[in-house]
Structures are given as C-alpha cells and as structure tokens.
Amino acid sequence: MNKTLNRRDFIKIMNATTTGVAIVASGITLTTFASVNEIPVTNKKRWGLLIDTNKLTETDIDGMVNACQQEQGWGTETHSTASQKPGWIKKLKVKDKATNKVSNLALMCQHCEEPPCVDVCPTNASMKREDGIVLVDKHLCIGCRYCMMACPYDARSFVHETLNNQKEHMPRGKGTVEACTMCVHKIDKGETPACVESVNSEAVIFGNLYDESSQINQTLKIIQSSQIRSDLNLNTGVRYSGI
Amino acid sequence: MNRFLVVFLSLLVSSVFAYIDEYANLGEQASSIKVSGKVFHESPSIIRKMHPELLRHKRNKTLRKGIRTNEYSLKGCVSCHVNKNKINNQYYSVDKKGQFCSDCHKKVGVSFDCFSCHRTVPRESLL
Chain A
154 MNKTLNRRDF
164 IKIMNATTTG
174 VAIVASGITL
184 TTFASVNEIP
194 VTNKKRWGLL
204 IDTNKLTETD
214 IDGMVNACQQ
224 EQGWGTETHS
234 TASQKPGWIK
244 KLKVKDKATN
254 KVSNLALMCQ
264 HCEEPPCVDV
274 CPTNASMKRE
284 DGIVLVDKHL
294 CIGCRYCMMA
304 CPYDARSFVH
314 ETLNNQKEHM
324 PRGKGTVEAC
334 TMCVHKIDKG
344 ETPACVESVN
354 SEAVIFGNLY
364 DESSQINQTL
374 KIIQSSQIRS
384 DLNLNTGVRY
394 SGI
Chain B
-19 MNRFLVVFLS
-9 LLVSSVFAYI
1 DEYANLGEQA
11 SSIKVSGKVF
21 HESPSIIRKM
31 HPELLRHKRN
41 KTLRKGIRTN
51 EYSLKGCVSC
61 HVNKNKINNQ
71 YYSVDKKGQF
81 CSDCHKKVGV
91 SFDCFSCHRT
101 VPRESLL
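For the protein sequence lines, the chains are A and B, in the order given. Its first residue numbered 154, the first sequence is counted upward by one per residue in our numbering. Its first residue numbered -19, the second sequence is counted upward by one per residue in our numbering.
Because the hints were derived from the structure by calculation, they are not lab data. Hints should not be assumed to be uniformly reliable.
As the list claims (entries may be wrong) - Here are the simulated BS3-like pairs of lysine-lysine, each with C-alpha atoms no more than 25 Å apart in a straight line:
1) K45(B) <-> K198(A)
2) K41(B) <-> K197(A)
3) K41(B) <-> K320(A)
4) K29(B) <-> K76(B)
5) K281(A) <-> K41(B)
6) K327(A) <-> K55(B)
7) K339(A) <-> K38(B)
8) K342(A) <-> K320(A)
9) K76(B) <-> K66(B)
10) K45(B) <-> K342(A)
11) K38(B) <-> K198(A)
12) K45(B) <-> K197(A)
13) K64(B) <-> K320(A)
14) K281(A) <-> K38(B)
15) K281(A) <-> K55(B)
16) K342(A) <-> K55(B)
17) K327(A) <-> K41(B)
18) K281(A) <-> K320(A)
19) K45(B) <-> K320(A)
20) K327(A) <-> K77(B)
21) K197(A) <-> K38(B)
22) K38(B) <-> K320(A)
What the hints assert, rightly or not - Listed next, the stretches of chain B that the computed footprint assigns to chain A, with coverage defined by at least 3 CB atoms under 8 Å from CB atoms of chain A:
23) 44 to 55
24) 92 to 100
No residue lacks a Cβ here, since even glycine has one placed at the ideal position from N, Cα and C.
Could you put together the complete structure from these sequences and hints?
Here's what the structure looks like:
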C-alpha cells in the first residue's frame, strides 16, 4: 500500500477537517450566545444584595444614589415637587434611642419573595420575575399607585411629568410607577448593578442567594444579618447586616 | 360616465404616489442597507402589517423572561431608521413629523405611544 499522501488526498482531508472544526466551533458559539440571551430566567437563581451598614459610609450611599441616577436616568425631573420626585434608592438614618447609635441605610426596592405590590396590582403590571427581581411592566401600568400604598418600604415612585431622552435600556414615562430594577439589564448581561459597582469597599455584595459558592451566600452563612420588617414574612432579596 | 372615469383614474394615480411615498423616509442606515441588497425583515409587507404584534411579543419576552435579543427590539428599529441633521449632527426623533415612524402612522391615522417612554434616538454613545 502506498502510504504517501498525494495532493488530491491531502486537499480532501484538509477540507473535511476544516468543515468539521467549523461546524463544531459554530455550535459552541451558538450555544454560548444562547445561554446569555435566549434562555428565559428560571427560579434556580435568586438575586440578592447584602448591605453591611457598619462598612457603608454616608459618602458611599450618596455614591450609590448618584450611580443609580446616572445608570437609570431619574432625578432630573424639573416640574415635580420634592415629594413627587422619584427616588429609586433613599438614604435613611436609623437611630437607636437608647444609645444614640446612628446607622445609615441605603433603602431601595427589597425585591420580596412575596411582594405586596404584586398582590394588589389590578392589571398584573407589578410582577416578579422567576429569578426574584420585582419589576413594573409599564405597558400594563395604569398609574393607580395601589402598589405604592401596599409597599411597606416606600420603594416605588410615580412619574409626574413628561420625559424625553430616557436611557435606551430604561424606558420611563409619565403616568407610570417605577422602582429599583436591580439593574436587570445589566444582570441579564452578567454584570453587577450600578450601585454595587460604585462602592469600593465590600460594604455591598451582590449575587445569587441560592448559589452555595457565591460570596453573598457564604457571607450570609457566617454573619448575622436581618431583613427590614422581617415580621411581615416577605423574605426580601435585600439583606442588611450591622443593624 | 366620464366623471367616474376621472375619479377612478385620480384614485389610481394617488395610490401610486402613496405607494412611492412609503419609501420616502426609510432612515439613513436602513436606506443604505436596502441599496446594498441585504434584507433583515421577512418582507416589507409582513413587517408593515405585523410589527405591532412582533414588538408586543418581544416586549413581553424581554421584560418577563429576560430574553434580550436584537430581533424585533425597538432599540434596533430606532437605531436603523433614524435620520441625522447634517448641520448640527444631531439625530431627529423617529416620532417627529416626517420621520420614519410618524410618516406611516400619520398616513394611516393610527396613534402610537411607544415613544412617550422609549428613547426616540439611538443611545448617547452613538451621538
């Protein structure tokens, strides 16, 4: 048998190999893209935040609020009064009456597992995604503000004026209710929320509460943490330590 | 009889102009893509008839299931069909008079409120 490859055989083999590699490679790329964008979110994940109030300074909270405004485009409303203006994150001071210890809280939508805002919404606009993020479907929102009354954290606000030049990823409009989305557009791309990115220290940790290997899960296992108004049994996604 | 013929002919001619008018303002990028022969949409007739349903389906998938693809995204429509003012280098809003969206919607007398919430020009970094 003649083992040497002639020109014709060489080209045949090379062609076959190239096609094979191309098919496999394109398969791999397709599945990678699909895994990011095309597969619906599931309840295998539960996104959460852990805020350490001992480490979080007032400047950090201001930074978080600014980062949120920059990312989502709220806070530039000119015609709204102070009480009408939206506030997706609020700086809250909590004082212990006995010791006068003051804790600073960054209070945003707590992304409850049993959200009262979803229970009361008459149009199903207020909704919870499978991965625990609570959102407002502004296509369905009729602006009744029942959810704002039902929320124990005063997390939602109402847009009182006509807006333009909204952020491309965050449509906002007059007559609808809005709140912290946990930067859902970033999470879906595998990034972290803007407020978490703005804090340099380890004061705010973001991650999947169900994932045993995530930093948030491991930290919550070893430290004392609490949910605000835990007596309401809402099982919030945002947890606090140091209060 | 002649009067009817005149009416009929004028209707015919105006419908021809209306047909041409639909291509009047496709948007800069979309026009150049069309010239190059590439087609993104199934067919103009399907996209003309079905775009509300396609957008509605896509918006529910995106918001409720987190499926963020470029197909049928309103962002995609805007960034392709927008026009730029050559003098001050600013984009025209797609819902303003004479621009892509309002052109057709005005013609058929259908109001649309996508852009009371959604951005009417492509994102800031493209400006």
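To see whether the hints hold, each was checked on the structure:
no.	hint	result
1	K45(B) <-> K198(A)	holds (13 Å)
2	K41(B) <-> K197(A)	holds (18 Å)
3	K41(B) <-> K320(A)	holds (20 Å)
4	K29(B) <-> K76(B)	holds (21 Å)
5	K281(A) <-> K41(B)	holds (14 Å)
6	K327(A) <-> K55(B)	holds (20 Å)
7	K339(A) <-> K38(B)	holds (18 Å)
8	K342(A) <-> K320(A)	holds (17 Å)
9	K76(B) <-> K66(B)	holds (17 Å)
10	K45(B) <-> K342(A)	holds (13 Å)
11	K38(B) <-> K198(A)	holds (23 Å)
12	K45(B) <-> K197(A)	holds (13 Å)
13	K64(B) <-> K320(A)	holds (19 Å)
14	K281(A) <-> K38(B)	holds (18 Å)
15	K281(A) <-> K55(B)	holds (24 Å)
16	K342(A) <-> K55(B)	holds (16 Å)
17	K327(A) <-> K41(B)	holds (23 Å)
18	K281(A) <-> K320(A)	holds (22 Å)
19	K45(B) <-> K320(A)	holds (21 Å)
20	K327(A) <-> K77(B)	holds (22 Å)
21	K197(A) <-> K38(B)	holds (23 Å)
22	K38(B) <-> K320(A)	holds (19 Å)
23	44 to 55	holds (count 7)
24	92 to 100	holds (count 5)
The structure is consistent with each of the numbered hints, conforming to all of them.
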